[in-house]
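Q: Here are the chains, one letter per residue:
There are 6 protein chains.
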Amino acid sequence: MSTIRLFRKEKNTLMNKILYIDPAYDDSYINLFNNHLNKYAEANITVEVESLEGQQGPEHVEYSCYEVMVMPDIVRKVIEAEKKGFNAVIIGCFYDPALQAAREVSKNMMISAPAESAFSMARSLGSNMSIIVGRTKTIPQIKQNVYRYGMAENFAGFRSVDLGVLEFQKDSKESMKRIRAESRKAIQEDNADVIVLGCTAELGFHESLQKELGVPVLDASIAALKYVEMLVNINNKAGWSHSRVNAYESPPHDEAVQFGLYNK
Amino acid sequence: MSTIRLFRKEKNTLMNKILYIDPAYDDSYINLFNNHLNKYAEANITVEVESLEGQQGPEHVEYSCYEVMVMPDIVRKVIEAEKKGFNAVIIGCFYDPALQAAREVSKNMMISAPAESAFSMARSLGSNMSIIVGRTKTIPQIKQNVYRYGMAENFAGFRSVDLGVLEFQKDSKESMKRIRAESRKAIQEDNADVIVLGCTAELGFHESLQKELGVPVLDASIAALKYVEMLVNINNKAGWSHSRVNAYESPPHDEAVQFGLYNK
Amino acid sequence: MSTIRLFRKEKNTLMNKILYIDPAYDDSYINLFNNHLNKYAEANITVEVESLEGQQGPEHVEYSCYEVMVMPDIVRKVIEAEKKGFNAVIIGCFYDPALQAAREVSKNMMISAPAESAFSMARSLGSNMSIIVGRTKTIPQIKQNVYRYGMAENFAGFRSVDLGVLEFQKDSKESMKRIRAESRKAIQEDNADVIVLGCTAELGFHESLQKELGVPVLDASIAALKYVEMLVNINNKAGWSHSRVNAYESPPHDEAVQFGLYNK
Amino acid sequence: MSTIRLFRKEKNTLMNKILYIDPAYDDSYINLFNNHLNKYAEANITVEVESLEGQQGPEHVEYSCYEVMVMPDIVRKVIEAEKKGFNAVIIGCFYDPALQAAREVSKNMMISAPAESAFSMARSLGSNMSIIVGRTKTIPQIKQNVYRYGMAENFAGFRSVDLGVLEFQKDSKESMKRIRAESRKAIQEDNADVIVLGCTAELGFHESLQKELGVPVLDASIAALKYVEMLVNINNKAGWSHSRVNAYESPPHDEAVQFGLYNK
Amino acid sequence: MSTIRLFRKEKNTLMNKILYIDPAYDDSYINLFNNHLNKYAEANITVEVESLEGQQGPEHVEYSCYEVMVMPDIVRKVIEAEKKGFNAVIIGCFYDPALQAAREVSKNMMISAPAESAFSMARSLGSNMSIIVGRTKTIPQIKQNVYRYGMAENFAGFRSVDLGVLEFQKDSKESMKRIRAESRKAIQEDNADVIVLGCTAELGFHESLQKELGVPVLDASIAALKYVEMLVNINNKAGWSHSRVNAYESPPHDEAVQFGLYNK
Amino acid sequence: MSTIRLFRKEKNTLMNKILYIDPAYDDSYINLFNNHLNKYAEANITVEVESLEGQQGPEHVEYSCYEVMVMPDIVRKVIEAEKKGFNAVIIGCFYDPALQAAREVSKNMMISAPAESAFSMARSLGSNMSIIVGRTKTIPQIKQNVYRYGMAENFAGFRSVDLGVLEFQKDSKESMKRIRAESRKAIQEDNADVIVLGCTAELGFHESLQKELGVPVLDASIAALKYVEMLVNINNKAGWSHSRVNAYESPPHDEAVQFGLYNK
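Chains as they are written, first to last, in the numbering used here: chain A, 194 to 457; chain B, 194 to 457; chain C, 194 to 457; chain D, 194 to 457; chain E, 194 to 457; chain F, 194 to 457.
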């Protein structure tokens, strides 16, 4: 057994690089996410954070019309990431935008996104998940994912703090106050036992919050990071990757070239 | 009562213009869809067909990575359509791509898409719908819509004819043969009573097919047309439009300008 | 293309006659529904309204035991309507009573009913439908239809105004006041974005209500009218009719004669 | 404790009378059902069987249009049964027709029907129920009940023997042969562990069938009998009756008189 | 017919013995349950009550870790019961612990448990069941059974009275007060029409409660008793037993001996 | 940022110990699982494997009556593991036995089990999971978990290879042959894109199988290992643990002592 372990340990000293895509044409959050994610990453993981490049584009994707505007560049980032040697990509938005597309174009990389990741953990950590969203506007789309990811029977409901994506970090005391108040109600009135912060911008709150509340509080981007670390691990060790049949079948290379998939 | 009727009739002589967006960078199907849709449109409806403009881009959206590439231009087409005075837009792909986004950016226009439309009709025409898809690749995404649109209890299953989107019209005899064979199996083996052709490119088959099979065969683009005609009618007569609360809330105008929503 | 369009226009000048069955032994609402429905009908549609004939019978069908009493006469009305040349029938009760039976006995006619129609529209107009019912008594039966018609994931809940079917039109100010109050709560507390008035007798309220509330308010009988207009259109243009396999298979003619289906 | 037991035993020597309604205008099955049901009834239970009276009417209710024709007389039979001192009524058709209406009009009586009864037992006897139906025509309506009664997760599917309701007893050897063949397939191909005979006319087969097949085979009318015996028992002992709130609220007496509920 | 009836009556004079297992290492409730259950049993039924034997063990099973501790002895009790000639066993805990295992090891006995039994009755007695639980701790596990037993569409929700299993009988006035208060809220706020007392220890309340509330109030252990009486009856009369295929397949005898299934 | 990384790396050099419980009174598989799991573990993870101790007990838990017999010792093993300093426990059976109980009694440890783990991964790796089970006997219980863990919409079905738990390793060539054949059918006939081996004893097959089949093949015990590694990581880095509210609330210490939870 020892030989195996040594082999494994050597292999493991190789760093795995993960790209976190902040799907916004706005680089002001890059450092914030960089510090945040590397703080929570495992020792053999390096996280790099990139936002989208372009002269103009959505700085948040609360609206579906903004979301679709950033999707092509998310896919391009994924394609570039693989060329640059990343082992995995995180799509940094709680709508899990372009997740299927990203998995289609990936080759050896693993792809995660916050809702799929956080819901999986919430199922293992408790029995009744509550999602604290920024604005009620975001509920229908997240609710679709609650059903799609099979969480309907373990769902305590939504609570909105009435803050836009870009407002969470502006007055973090006020944000914290509102998130705390709604989380409390979720626990007391909706019988929630796990709180999911339903926006990647709700960052920096979960640690003190969970101490106060006594239940796990899941930060969206950390959930996506830890989940993708697992995906990288299962890929490295067991050879499990996104299936190339059905949902994540890759497009034919020549056709994709012809259709401009690899262009900017 | 007569005054009302007269008023209504006059109002009704106004033509309603509907834009059918073929979400592909390929104008070779425009005439086909133009003839097809105007043949089935009501007297007070004019359908115009546009594909996407650009030097390069997907000519079909069977893959999700292609689908997301066409979404921003779908949204832009919708915005332009409203400026040009269209009353409604049809998004011409059975995945119903960018439907939420399109409804967000619409003002007085109504928006439809094939799956939502055909599923509603299938529910009223029968009790057990079968979907004939081009390739099994497309099943997971369409299946999500089967669930999302609440058709799970009335769903006989998928049957694939193993034809890509662009192949349906190449050898229409062969296509017809395969669609017929799978539809027969759907009726006999899966107990289907309504057949839905699960790709807008499966065009030109439904009429002779339903005569042979003895059950309604729903053409995807016609379904979307007739459904949006109803949406236009309920908008004109009863003032019912896409709700501006929750899912279809429009983005703030200034922000949308800043984010380049209205640019090409 | 012009030949086709001309042909279509000529064909379309033919009026389509729709029978609205008020499933009650009470003709006092005939004029009300006649004016109401013809006001909202398309130019090529004439709506006639009939209640049930007989010396005695339920004047409303809030109770299931009343509902079953009116069902045979609904079916007979449908059969007669076809003989009289109607193109479609609307069953004017939000329970959608005898809808399957009516479709079984129809030949070339299309049949609609309010709940199936309104739920389909609600799905296209918003993401979270609330139903304002007369009395809580009616909730279990309507709830069954919410599930059967696949609306569970888009359902904000019921709100009752504690008014019997025959009370809505007695003191319409009071009715309006209650409907408005419950609709407000549905929007504010249940996060509804579309209001469905869950009784055909809740008539005359939707227009002013939706102006006040800022969300679409669906009138049950108008929804059934506009939906059946679509069914007539798809039947005329695309030949889509109620499937004669499974749910809507018609009974053998001789047996039906022997069993008295066509008698009064 | 002894006093109580004695009291109970005395009380129990009182016979409970149950009316089995064969919802057909055809008295040729009365003896068959009478012998069948009394053979399986408990000692303190007497079953009487009545079909519907009238010069003309459906002799079976395979079609929904026939089903609605018999519903008013089912309700009247229920009302009469209470006057005659019956303790319970069984509605003898696997569609469970007019079950809600019958429970609304009942006062101290308990009401059962075959599908609700058999599904409950099937859940306790196995994990994967298969329903052997007469004709595929009946599937959509029974399927609705599979969902409504919460059996979707324990449902192996339908198997049809292609026999009309009135054909089961004509050539019982042939019927048995077909039911056996389809039940075998249900067990072997669909992994069924409980067989439900999905028509009350599939009578006389279950005993030898379950010996051959080695799994319980539920006869529809016996299931309804044994279930209603339980309902009678819980009513007698624990005072549990059909709730008078919501679904089974009774109509106001004066209104019901005025609407002719109690007339023939 | 008379011969059959006589035979049946004679057979029926044989008493059926039912064992009620109180799954706790605590015999202080034996008399209480004995009186309670025999009061509600039919004349031909004798109920015996046994708790678990052992020097030490859980006195209640509110926690899953306690529940698994009592499961092996539940199974052993079931095996012994068959040897002693019992006709049926009731597992006396609302979690329905070890129900599948008990059915696997039973031979000719029928097995019931409270939740499966009460939910079935609730479905037949009303349309919207509310469950009054002791503590919120128990909700997730009971909720799983609400889904598993197919009651999701007929479920008004949980109400907790904040009493541990062993507290219900300590101050029964206080218990009654809390149960009454929560049941009232369930009816008024959640629109419940049937109340289920979601713990076998909530005993002695249902009769006066249902008089006050006007809706059926289901006692958990009585529900399990009356349901198993039905199972005994269908077994005696129709030969229906727990299926030996799939879920309730019995283990091979020799293997079971070797694995110590029959040891204490 | 560097300080943080260093700190993290140091912390990370600490090994995490995971206990894999083989829930059987049979130590003949210990070495097999030990080699298997340590081969796939991360560098900072040591897996120890223990079976249950006792003179007699089930050597597999295919039957629910065997499963309940091993549950108390699973819980005791979990309690001991915490005392011995393990960071996590894996319950090594695809039924996920005693998972809730184990999480209740855990303090700082994380607990995983194969089905919950594999289903989560299957959702991220594909869209249509097929489960290859040993015998059809195991299907109902695993199917309950398919629903409970929200995988119903992504489930291609079961395929059985007709091998008992203890037979998989006896003639591994034959086992491989059967698993391969059924997996092929799952992909070709059921449109599966991820294969889950639904028994921890189906070990040693997945690597060559997935090369042949071209889709990921999930080994049950490896899935549980990699998933619990993630749970350990989120616990170490983000402080997320099993919630102590609701489902996983721990029993009061004194009561647990009194009830013998900590005894053997």
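Among these hints, one or two may not hold up.
Same chains, same label: a pair holds when it works inside one copy or across any pair of copies.
[As the list claims (entries may be wrong)] In silico DSS-like pairs for lysine-lysine, Cα to Cα no more than 25 angstroms straight-line: (1) 330 - 430; (2) 210 - 378; (3) 276 - 370; (4) 363 - 277; (5) 378 - 276; (6) 277 - 300; (7) 232 - 277; (8) 366 - 276.
Just so you know, these hints were derived from the structure itself, not from any lab.
Q: Hints first: check each against the structure and report whether it holds.
A: Structure-based check of all given hints:
no., hint, result
1, 330 - 430, "neither (41 angstroms within a copy, 28 angstroms between copies)"
2, 210 - 378, "neither (39 angstroms within a copy, 37 angstroms between copies)"
3, 276 - 370, "neither (43 angstroms within a copy, 39 angstroms between copies)"
4, 363 - 277, "neither (34 angstroms within a copy, 40 angstroms between copies)"
5, 378 - 276, "neither (47 angstroms within a copy, 36 angstroms between copies)"
6, 277 - 300, "within (13 angstroms within a copy, 42 angstroms between copies)"
7, 232 - 277, "within (23 angstroms within a copy, 29 angstroms between copies)"
8, 366 - 276, "neither (41 angstroms within a copy, 40 angstroms between copies)"
Checked against the numbered hints given earlier, the structure breaks hints 1, 2, 3, 4, 5, 8 and satisfies all the rest.
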